[in-house]
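K.L.:
Single-letter residue listing:
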Amino acid sequence: NAGVTQTPKFQVLKTGQSMTLQCAQDMNHEYMSWYRQDPGMGLRLIHYSVGAGITDQGEVPNGYNVSRSTTEDFPLRLLSAAPSQTSVYFCASSYQQTSGNTIYFGEGSWLTVV
Amino acid sequence: GDSVTQMEGPVTLSEEAFLTINCTYTATGYPSLFWYVQYPGEGLQLLLKATKADDKGSNKGFEATYRKETTSFHLEKGSVQVSDSAVYFCALVGDGQNFVFGPGTRLSVLP
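Sequence order for the protein chains is L and C. For the first sequence, this note's numbering gives the first residue as 89, with consecutive numbering after it. For the second sequence, this note's numbering gives the first residue as 31, with consecutive numbering after it.
Simulated from the structure, these hints should not be mistaken for lab results. Only a predicted model underlies this, so the values are computations on that prediction, with no experimental measurement involved. Glycine residues also receive a C-beta, built at the ideal position from the N, C-alpha and C atoms. Hints are not guaranteed to be accurate.
What the hints assert, rightly or not - Derived contacts from chain L toward chain C, CB cut-off under 8 Å, selection only:
no.	residue
1	G139
2	G188
3	L199
4	T200
To be verified - Computed, partial: chain L to chain C, Cβ under 8 Å:
no.	residue
5	F98
6	M129
7	A140
8	Q145
9	Y183
Said to hold, decoys possible - Rough simulated footprint, nothing fancy, chain L against chain C, three-plus residues with beta-carbon under 8 Å:
no.	segment
10	39-46
11	70-80
12	127-141
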């Protein structure tokens, strides 16, 4: 089973460039989300989606856009990269946004902005 | 809002030692509680979970009990191995809410 697939795994960007982190899941999950992981800060929620066509902001949404045109895909767009966006990004999904449902993570995307 | 507090470590133990990683939470209602583990260069994997008070989650020799009276979900293992070296995250989720993660605890087990 593929589970949650993220690409690319590593990326170096110059300040001001834009890029898209891809995320796809094959588990027919309604709920998908993007987190960033920074040292000493755990995982912080960037954006999430409870179904196709529905997205919402998390804790740290500034500088990022998302869309959910299909159940399977949830890309994260960096509009104009900044060094503060250097981080590890994780996409995650679960069946529904309800208590008790396990969330499944992709393997992460390491992004460096220079 | 909801929050999770856990000891940040790093925690360094010798092989076969007893492990405890403390986790406490603040939440409205009755959240579900989770422990996730992250091995180097990988994403987070579910280790165990508990969905109601007094439930005990267990997996691979690890266990944690949902203690509503102390709002805690401490992770324990009786005898750690070198292969248990990883970062451990405590997390919670309530109905209609997003997951909230603690900062993670790095565990190093020495042979």
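K.L.:
The structure should be examined with respect to each hint, and the outcome stated for every one.
P.N.:
Do the hints match the structure? See the list:
1. Interface restraint check for L/G139: the shortest CB-CB distance to chain C comes to about 13 Å, outside 8 Å, so the restraint is violated.
2. Look at L/G188: its Cβ gets to within about 4 Å of chain C, closer than 8 Å, so that hint holds up.
3. For L/L199, the shortest C-beta to C-beta distance to chain C is roughly 15 Å, which exceeds 8 Å, and the interface hint is violated.
4. A distance limit of 8 Å between C-beta atoms decides the matter here; for L/T200 the minimum to chain C is near 15 Å, and the interface restraint is violated.
5. Because the closest C-beta pair between L/F98 and chain C is about 11 Å apart, greater than 8 Å, the hint is violated.
6. Because the beta carbon of L/M129 sits about 6 Å from the nearest beta carbon in chain C, less than 8 Å, this interface hint is met.
7. With a least beta-carbon distance of about 18 Å to chain C, the hint placing L/A140 at the interface is violated under the 8 Å criterion.
8. With 8 Å as the threshold, the beta carbon of L/Q145 stays out of range of chain C, its nearest partner Cβ sitting at about 11 Å, so the hint is violated.
9. Taking 8 Å as the C-beta cut-off, the interface hint given for L/Y183 is violated, the closest approach to chain C being about 12 Å.
10. Judged by the Cβ-Cβ criterion of 8 Å, the segment 39-46 of chain C is not covered by chain L as claimed, because only 0 of its residues qualify and three are needed.
11. Check result for the segment 70-80 of chain C against chain L: holds, 7 residues qualifying (beta carbon to beta carbon below 8 Å, three or more required).
12. For the segment 127-141 of chain C, the assignment as covered by chain L holds, since 7 residues bring a beta-carbon within under 8 Å of that chain's beta-carbons and 3 suffice.
Violation of the numbered hints given earlier is confined to hints 1, 3, 4, 5, 7, 8, 9 and 10; the remaining hints are satisfied by the structure.
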